[in-house]
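Generate the whole structure from the sequences, applying the supplied hints.
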Amino acid sequence: MATSAKDLPFKQETYRNDFTFKNSPETVLRAPFPFDKDSYMYAVNMELHRDGRPGTAFEAPIDVDEHYVAEMQDRALVLDEDPLRYQSLPHMSLAGWDTLELLMTCKAETYPQWFSLTRNGDNWHWINRPMGIDQHFVFGDESTLPYGPLEYITRQAQGDFCVLDERDDNLWMDAGMITTQADWSLDFDIGMNFFEWHAPVPLAHEKGIFIRALKYLRTIQQGNPARRLNWTMTVNPRLDTSPENFHIWGPENTHITPENVADKLYLRIELQSFWRLPRSNALLFPIRCYFLSMRDLSTVPKWATRMHRVLQTLPPEIASYKGLDNYRQIAIDWLAQHDDGSPTTEGPFPD
Amino acid sequence: MSQPDDSAILSRPRYGKLSPVEANFHVFVADDSGGNSILSLAQSVPKDFFNDAEIIYINTKPVDNKATLEGLEALGCPRLYTGPTIKAALPRINASLERMRMGTQVYLAGSESLLGLATMIAMQVGLDHQALQTEHQGSLARRVQCVHCKGITDNVTTQPANCDHCGLLLLVRDHYSRRVAAFQGVNINAEDPSDIPVKEEMFS
Chain C
1 MATSAKDLPF
11 KQETYRNDFT
21 FKNSPETVLR
31 APFPFDKDSY
41 MYAVNMELHR
51 DGRPGTAFEA
61 PIDVDEHYVA
71 EMQDRALVLD
81 EDPLRYQSLP
91 HMSLAGWDTL
101 ELLMTCKAET
111 YPQWFSLTRN
121 GDNWHWINRP
131 MGIDQHFVFG
141 DESTLPYGPL
151 EYITRQAQGD
161 FCVLDERDDN
171 LWMDAGMITT
181 QADWSLDFDI
191 GMNFFEWHAP
201 VPLAHEKGIF
211 IRALKYLRTI
221 QQGNPARRLN
231 WTMTVNPRLD
241 TSPENFHIWG
251 PENTHITPEN
261 VADKLYLRIE
271 LQSFWRLPRS
281 NALLFPIRCY
291 FLSMRDLSTV
301 PKWATRMHRV
311 LQTLPPEIAS
321 YKGLDNYRQI
331 AIDWLAQHDD
341 GSPTTEGPFP
351 D
Chain P
1001 MSQPDDSAIL
1011 SRPRYGKLSP
1021 VEANFHVFVA
1031 DDSGGNSILS
1041 LAQSVPKDFF
1051 NDAEIIYINT
1061 KPVDNKATLE
1071 GLEALGCPRL
1081 YTGPTIKAAL
1091 PRINASLERM
1101 RMGTQVYLAG
1111 SESLLGLATM
1121 IAMQVGLDHQ
1131 ALQTEHQGSL
1141 ARRVQCVHCK
1151 GITDNVTTQP
1161 ANCDHCGLLL
1171 LVRDHYSRRV
1181 AAFQGVNINA
1191 EDPSDIPVKE
1201 EMFS
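Chain order of the listed sequences is C and P.
If you're matching positions, the first sequence starts at 1 in my numbering and goes up one per residue.
If you're matching positions, the second sequence starts at 1001 in my numbering and goes up one per residue.
Worth flagging that the hints you see were computed from the coordinates, not collected in a lab.
Errors might be hidden in some of the hints.
[What the hints assert, rightly or not] Chain P stretches covered by chain C per the calculated footprint, using a threshold of three residues with CB under 8 Å from any CB of chain C:
hint : region
1    : 1141-1148
2    : 1162-1175
3    : 1195-1201
Positions of the beta carbon are idealized from the N, C-alpha and C atoms, including for glycine.
This is the structure in structure tokens:
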């Protein structure tokens, strides 16, 4: 069985410039591999987010892994450069407190060796040992925290966070902390409804995906979070693949060669979860990113085989939208050595 | 001339046709041929309809719009403003929408830039965009926000187009933000800056 995240030390590593990010073998094995069969098409692949399977990224409701501290350092760098990556419309303050409560209580319950929360009425005491934070504050009083509640807690939580207001039978992107996004801009999309912010996604609208997804999301109730997986690929383990900086990182898309593909090209997995918040009735939508290099994948024969087949059969519109055109064939050629044509076992987990 | 397929852009507002509704007061904002939408609506309302109305008309082509302006003047509306450009009229649009009383209906008609900017102002003063009536007339030129430097370039008619501010060559995406009142522009040749696609007239 894979090692639990509780035993992992935190790495000192970078997601930019020299890119020293690296997965330990244990972290590779616990990744939420997104393909449950040998081909891929959009689907409303929602499932309940509970009863976490031990040794996987689903074990804890809010997963913390060996990359935690480095990822938070990268987020701080992004925010120094561009504070607009965090935004919250004025009516979303209560949802911010809801989010703070959810993340603090989840973390303190799952990882008591790292986090602790003590509540005495509205007087709260939060300790985050990996980040060296010890904060007394008054719940509901923004003046007692160094940032607003949503920004404060999402500077201490891996993954991006969208906070969706529910009204007029729709969900509205009205707040977020978005520093690890796969090519969408919170600053542009803030205030949009569910269909509007998904407007640029090809094929899925015609297939009715978003209508069904919205229907599902609106039924999510407090205490019953849901999740789905999404994916793309990224050259170098760069968390900040924002459109804002596309002119800076875009050239790297042409740097993949047969010689470097194994270590320079990453499967970028998004573990998306959905949580109804108690006071605001908003929906919290964390998007957590996991990187697996092609070499990481090759340590799990089933995953390498399946990745090979998914890339081979991917519809061209989806490949283009995900930005894979420059290197898809190089990845297919490299992965071919791990595909002997025999059938793979069902489900996403390693054999 | 190739027309963009509007129905394919889900984040883009849908425009309709102005039609009069019961209201205590009516505010019209129009530019150029959008004035004709007001005149067309005027044919189906009682004579005194425009007594309780305000018309903000932006007349960027006085020679072409001579008949339209005369038509608007003949409506007998006590508050008829005319301005030379959208930019010049913005303070007036803002003041009129901000001071609106309950029970006022807003009608917008004209270029996509005018519809977008007036909608943005209406939202800023607390109106629901779904409560506005809109009709598109005239230019399809786009306002484009550069996702990189955040600068807005007005009157974009080509694909791709250069950002007026940082100079990057932008792909004008079919993705629209009401809050910014603009389409999104993303650098089209980031992967290979030496690859310079030819500009084509797309949004005129």
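How the hints compare with the structure:
no., hint, result
1, 1141-1148, "holds (count 3)"
2, 1162-1175, "holds (count 4)"
3, 1195-1201, "violated (count 0)"
Hint compliance for this structure: hint 3 is the single one not met.
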